[in-house]
Amino acid sequence: MILQELFGWLGDPAHWQGPDGVPNRMLEHLGYTLLAVFGAAAIAIPLGLYVGHSGRGGVVLVGLSNAMRALPTLGLVTFLFLLAGGSEAGTIVGLIVLAVPPILAGTYAGVQDTDRGVVDAARGMGMTGWQRLWQVEVPNALPLLMGGLRNAALQVVATASVAAYVGLGGLGRLLLDGLRVIDYSKVLAGALFIALLAVLLDLVLAGLQRIIVPRGLRVAAAAVAGRPKARSSGRTES
Amino acid sequence: MIEFQAVTKRFDDGTTAVDNLDMVVEAGTITVFVGPSGCGKTTSLRMVNRMIEPTSGTVLVDGEDIRKSNPALLRRRIGYVIQQAGLFPHRTVLDNVATVPLLSGWTRRKARARAAELLEIVGLDAAMGKRYPAQLSGGQQQRVGVARALAADPPVLLMDEPFSAVDPVVREGLQDELLRLQADLDKTIVFVTHDIDEAVRIGEKVAVFRKGGVLAQYAAPAELLSNPADDFVSSFVGKDRGYRGLSFLQADGIQLGGVSTMGLHGEHLSGERPSTVGGPDWTLVLDDDGRPRGWLPPGVVVQGEPAEEELRPGGSLYTEGTALRGALDAALSSPSGLGVVVDDDGRYTGVVTAQQVIDLIEERRKDAA
Amino acid sequence: MIEFQAVTKRFDDGTTAVDNLDMVVEAGTITVFVGPSGCGKTTSLRMVNRMIEPTSGTVLVDGEDIRKSNPALLRRRIGYVIQQAGLFPHRTVLDNVATVPLLSGWTRRKARARAAELLEIVGLDAAMGKRYPAQLSGGQQQRVGVARALAADPPVLLMDEPFSAVDPVVREGLQDELLRLQADLDKTIVFVTHDIDEAVRIGEKVAVFRKGGVLAQYAAPAELLSNPADDFVSSFVGKDRGYRGLSFLQADGIQLGGVSTMGLHGEHLSGERPSTVGGPDWTLVLDDDGRPRGWLPPGVVVQGEPAEEELRPGGSLYTEGTALRGALDAALSSPSGLGVVVDDDGRYTGVVTAQQVIDLIEERRKDAA
Amino acid sequence: GGDPLKGGGGAAGGQIVIGSADFSESELLMHIYAGALTNAGVQVTTKPRVGSREVLVKALQDKSLAVVPEYSGNLLQYFDKQNPAAQPDEVMTALKQKVPSGLEVLDKSAAEDSDALVVSKDLAAQGVKSIADLGPKCSQYVLGAAGEWKDRWTAKIAQLYGCTFKEIKTTDAAGPVTVEALKSGQVQVANLFTTASAISANGFTALEDPKRLYPAQNILPLIRSEALDAKGKAALNKVSAALTTDKLVALNKRIEIDKETVADVAKEFVTQNKL
Amino acid sequence: MFDDLSRYLSSASNQELVLTQLLQHIYLSLLPLVIGLALAVPLGWLAHRYRGVSGVVFGLSNAIYTIPSLALFVVIPVVLGTQILDSVNVVVALTIYTTALLVRPVCDALDAVPFHVVAAATAMGYRPLRRFVTVELPLSVPVLSAGVRVASVSNISLVSVGALIGTGGLGVLFTSGFQISYTAPIIVGIVLTLVLALVVDLVLVGLRRALTPWLRAGGTT
Ligand SMILES: Nc1ncnc2c1ncn2[C@@H]1O[C@H](COP(=O)(O)OP(=O)(O)OP(=O)(O)O)[C@@H](O)[C@H]1O
Ligand SMILES: Nc1ncnc2c1ncn2[C@@H]1O[C@H](COP(=O)(O)OP(=O)(O)OP(=O)(O)O)[C@@H](O)[C@H]1O
Ligand SMILES: [Mg+2]
Ligand SMILES: [Mg+2]
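Quick note, the sequences are listed as chains A, B, C, D and E, same order.
Position one of the first sequence corresponds to residue 1 (my numbering), numbered consecutively onward.
Position one of the second sequence corresponds to residue 239 (my numbering), numbered consecutively onward.
Position one of the third sequence corresponds to residue 608 (my numbering), numbered consecutively onward.
Position one of the fourth sequence corresponds to residue 977 (my numbering), numbered consecutively onward.
Position one of the fifth sequence corresponds to residue 1252 (my numbering), numbered consecutively onward.
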């Protein structure tokens, strides 16, 4: 019954046109997500690499990024909206705050987990700090780093709905407007499209991961796949 | 040449890892550091390529104080092989080996060509170059590690327990290869192990460290076994050191004896050289190529081919020209008391008795006195 | 008694780990499984306590087909010790040892009392009981592992490379203790190792496996060394097997010689027993307890205390009553050619020459023929 | 507080739950009702900011709630979309008929808080004073309103005033998003409430509604009949009698501009009016 | 801003409101954590034990993660037939998230238990259930606790969203403050959420320490 209503909703061409239409909402949603994820990556990846590489401040960083996870996105977004007088920037900042911890954790763990023997060998061969970072630590950190990025993207896609609460677009509109009038088919459609977007984004990132993670690491992962599995933090290969 | 001058390393937590080390590692030799776990072998080694900086004292490489050189550049001139090989999992074997040449600014093509050459030198198939480290066995990984360290043709090679992760048989093969390589390439190699057998096998000189980073003895292996500096060294080199020491005594003057032999098909081959021991005669059975197959006890007479059950398996074989240790063991392990001596191709050339070995040892001992 | 009857184990991926094994492990003995890595030692062992079920064939423990018993109950009657000791890191040493009794329904107090008793048996201080495994050294952990396996007083003990993770010196101590324990407790022990030295040292019988899980030879250690069944076994038992085999020859008939001795303070002690070798005389220096300290070369005359530099360090010592191997090594490693013989307390009792050992060996060989 | 797991519908005698919609005026009314009922000896708990009308009605029906403050016109629209009633009494009569069984509206108060289309100072200066002035020019302007506005009013405003907006931008239910949007010019027309302090505070103009697009919006309690006894109903009727539009505007100002606490403002009102 | 804050907090009825919502928040975030953990343990065990199952379980938990929390909050009463304002909805939704979030750490934690320790337990005659409860589970605490900490923090921050559907919790401070453009309650809400997360985290760390006495003893010799 509810499914029928859902299909009815989906079948109504009015829901597919104009600024309120699904395509536009989806684009808006994707826009917020990409902005937030790129913004967070621009902050978290360099920071994670620096801390992982230098070994300085790891404890502080992990503590801080865990504390960041506790920041309620809704509170942040409403607060920033009032502070910034209704611009989109506040919302994006709220979402960036959401996305930083997983990316930071993934990057840091990736560099940290790089086999100490390998890093040692790199040093012993006469690699400078930069060479070690780019030629050894970054490639080896990629699986966990990408895992963190994918986690962040998932969370942001799911949470970007909050933007609708402060009057922005995105698929959250379907959820919130549907909710106001208890139009479950609309809410469900919103949920469906958000999930769809999340899956698509994850697929794209998984593809990217396949491309940029060096093949040797996959071979190595497969070689140990028999017993102890990939480490806990973040998702690695899907 | 590597020179440690009054080198001490104390870590921040107060551990003294190396204590006032004075030592000269000769150019073109394999020098081995041995000692119990935690005695400062790795620390000493890593002070040579500035992975660790001494607390006091000076390290010279080829007469030059290493503090004066840029660490990265210094390290490119010093090959370094570590226990777990430390290969880059994200690069192919070929690219692993090509790393240092690339760092030193070679073109990719030239670096790869050099890498391919090195794979051959360490006995790996060229096809392996395309694989990733995870696709190699432990022994193969070790070879790649050695090849990588050799890539820029560094005059000095530091090896920290490079073979400890592989099983004994493979390990012996790797040791042989290292000796062969050294003969060909003439590097200055510092090799760390905590296995005294490995040390005396490959070292031209051996440095024994004791806990606290003190050098207990620094000598040639034969000297170490025959003349340990103190109780610590003598207990560390083990209780079989008299026997092990025979590895360093050449068997030059030994007179081979003969024994009656027969072919696998029952044909009498020879008996011309007189048996060097008395008592009833054993017969050595040889195969068509002249390689020993086993003994027939005295009194056993076979017509035609000796059956497998009638043959007593032989002892270990002694290859002519090698150290006395093998000769003694051949004699002791032979059911006839006659150690079988073979040439490099494994063909029977004569027999030797434990008595002869003992006599030779006694003679040498008297000469030395 | 443990009996393997035509036991084969093929894993799902097609590997044959054990191939048609027929073997009887006598009750009350230590039986050792040796062989190269992957030859099926662990698999054979684990089929005894049903950690692995055979593909075909039958395993009997004390005459009973183990398929008939409940696995959990069977395992409580069979102690199992593995390489990494496998201690529970989250329980104290005492509780680790008390595990099986508690599983078997003992009261906590009784189980703990038993555990304390066992700690003593394996030579650990009672105070250790309160520690956690991470607070023990490797050798201590192994002892706890043995104590835990013994806790329910099982008639059978399976030990899978129990000592391979500890260093050689500690290892030898653990082996000695196992032999002592076995003498006291009279268990049926199956012991896996890939170290042939360990095997011949502690095994009453040794089973050598080859790749593919085939039993290559099953014999007493002396037999194995003197009479390897085939080339695989002879190469596996190693090239020093003649020398190693001396471990199984007793030195009963050997006639100790004498040598002139002096005390640490220069006092002449004795010279009454005639030196058994000719040539200039060496003097053995003893400390106040009569323990050998070193040799003075012939012709060196000291007034009063001999200085450290004048003393030549002695060779290995031969303890009276032990196997010939030690006697030969003592002679070979001594600078004087005279092996120093000591009693159980390490006090000098005489000297022995390599010649004497060889003669004795020859004699024994002739007797055997 | 109260036990959050317990269904809040409250059979007679037990605790009853008063809810509010998710804007502050509704919350204020909820607290006033709660105060009056408490004084009448009814045990109440409050559940502020439950959601929109749709949610509130559903919650009344599934017995999560017992009482909510409501607005007569919109409530009628909700129960009967096409109902033409517009004047206060008309609306009231129609509403009494259309309320589903089990639910009940009590007496309406004189206080009204209607939806209003609001324009900025500039537009008002151009002579736009009523929706009728706006009508022909609607297609040039963007309206900011809650998501449900479109479904409810698009047809009717086109029919009455010939007004079709260029775009209807979803903002929020007459909250800060809508106000910000009008202030910043993102929208030129906004749907706010007549009692909202933001109108005077920002110099906006509420357009007159001569043709009654929005029906009369008298404040009244919507209750689940069985949840309140006569005494309780009387207490709520007393509240309705005491409320006027001016009083409501004043109360709202204290909350929205002076940031006084809703519950305190309500409590004071209850005390002052001896409810 | 500080004036606003102190004025906001000095009102008794605000204090009561904040306290009520805080308690509701604690209840809404911690109950799912406990239930979620209880569900994740058997599921994680399945994934640890049977490699085939792990693909399915992880796939499912990832999929659950793509459902926006708001949608889940709304859809659950439809599916369960609960009352629309029932806090059970949030509890169920968060339980689902928590379970999904914890399955992988549980599996990883069990994987991290040294294989030989488990083998030793088997060889001593432990039956599987007892082995799991007395050996594997205690030993998985160090790795598992990290996962639980992340889950607790994320729950505490997610519960706020429930305010959008009227289930209470500190999120109410965000919506009500937002409605009247009043930052004081929003700041109070954010700070209390952070403090709550911190306190819960400290409790969890304490719990882990209490459950793993052997880790503190480690490496003294
Ligand atoms: N970074 C460090 N900080 C403090 N102490 C250290 C450090 N590195 C090594 N040590 C200590 O210095 C001593 C010597 O260490 P080193 O690694 O050189 O020993 P090693 O002989 O190589 O031992 P192994 O055979 O176990 O490799 C040890 O006691 C060790 O614990
Ligand atoms: N569960 C399994 N599935 C498939 N093959 C297995 C399994 N366990 C062991 N094997 C294979 O069976 C063979 C025998 O293994 P086993 O562990 O008994 O050897 P081992 O003699 O104990 O070797 P090691 O000295 O290395 O411990 C090996 O080839 C091994 O790879
Ligand atoms: Mg080392
Ligand atoms: Mg094994």
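Hints were generated in silico from the structure; no laboratory data involved.
There could be a bad hint or two in this list.
Simulated crosslink set (EDC-like; lysine to aspartate or glutamate; CA at most 16 Å straight-line) [stated by the list, open to error]:
(1) C:K846 to B:E410
(2) B:K477 to C:D760
(3) D:K1229 to D:D1240
(4) C:K794 to C:D837
(5) D:K1209 to D:D1109
(6) D:K1034 to A:D20
(7) D:K1243 to E:E1267
(8) D:K1235 to E:E1387
(9) D:K1145 to A:D20
(10) D:K1132 to A:D115
(11) B:K449 to C:E779
(12) D:K1142 to A:D20
(13) B:K604 to C:D888
(14) D:K1235 to E:D1362
(15) B:K477 to C:E779
(16) D:K1126 to A:E28
(17) C:K973 to B:D583
(18) D:K1145 to A:D12
(19) D:K1250 to D:D1234
(20) C:K846 to B:D435
Against the structure, the hints:
Distance check on the hinted pair: K846 (chain C) and E410 (chain B) sit about 13 Å apart at the alpha-carbon level, within 16 Å; holds. Under the criterion of a C-alpha separation no larger than 16 Å, the hint pairing K477 (chain B) with D760 (chain C) is inconsistent with the structure, at around 36 Å. Between K1229 (chain D) and D1240 (chain D), the direct Cα distance comes to roughly 14 Å. Compliance with the 16 Å bound is thereby established for this hinted pair. Proximity of K794 (chain C) to D837 (chain C) is assessed by CA-CA distance (about 31 Å); at most 16 Å being required, the pair is judged violated.
Taken as a hint, the K1209 (chain D) and D1109 (chain D) pair is broken in the structure, with Cα atoms around 43 Å apart against an allowance of 16 Å. A hinted pair counts as satisfied when its Cα atoms are at most 16 Å apart, and K1034 (chain D) with D20 (chain A) does not qualify at roughly 26 Å. A C-alpha spacing of about 14 Å is found between K1243 (chain D) and E1267 (chain E), which places the hinted pair at or below 16 Å, so the restraint holds. For the suggested pair K1235 (chain D) and E1387 (chain E), the alpha carbons sit about 56 Å apart, so the restraint of at most 16 Å is broken.
Taking the CA atoms of K1145 (chain D) and D20 (chain A), the gap is about 9 Å. The hint holds against a cut of 16 Å. Using a Cα cut-off of 16 Å, the hinted pair K1132 (chain D) and D115 (chain A) is violated, with the two alpha carbons roughly 70 Å apart. At most 16 Å may separate the alpha-carbon atoms for a hinted pair to count; K449 (chain B) and E779 (chain C) exceed this at roughly 20 Å. Restraint check: the Cα-Cα separation between K1142 (chain D) and D20 (chain A) comes to about 13 Å, which is no more than 16 Å; the hinted pair holds.
For the proposed pair K604 (chain B) and D888 (chain C), the alpha carbon gap of about 12 Å is at most 16 Å, so the pair holds. The hinted pair formed by K1235 (chain D) and D1362 (chain E) fails the criterion: a straight-line CA distance of about 55 Å is larger than 16 Å. Straight-line distance between C-alpha atoms of K477 (chain B) and E779 (chain C) comes to about 12 Å, which keeps the hinted pair within the 16 Å bound. Distance check on the hinted pair: K1126 (chain D) and E28 (chain A) sit about 21 Å apart at the alpha-carbon level, beyond 16 Å; violated.
With a C-alpha separation of about 32 Å, the suggested pair K973 (chain C) and D583 (chain B) falls outside the 16 Å cut-off, and the hint is violated. Only pairs whose Cα atoms come within 16 Å are accepted, and K1145 (chain D) paired with D12 (chain A) is rejected, the gap being roughly 20 Å. Distance hint between K1250 (chain D) and D1234 (chain D) is unfulfilled; the C-alpha atoms sit about 24 Å from each other, more than 16 Å. With a C-alpha separation of about 14 Å, the suggested pair K846 (chain C) and D435 (chain B) falls inside the 16 Å cut-off, and the hint holds.
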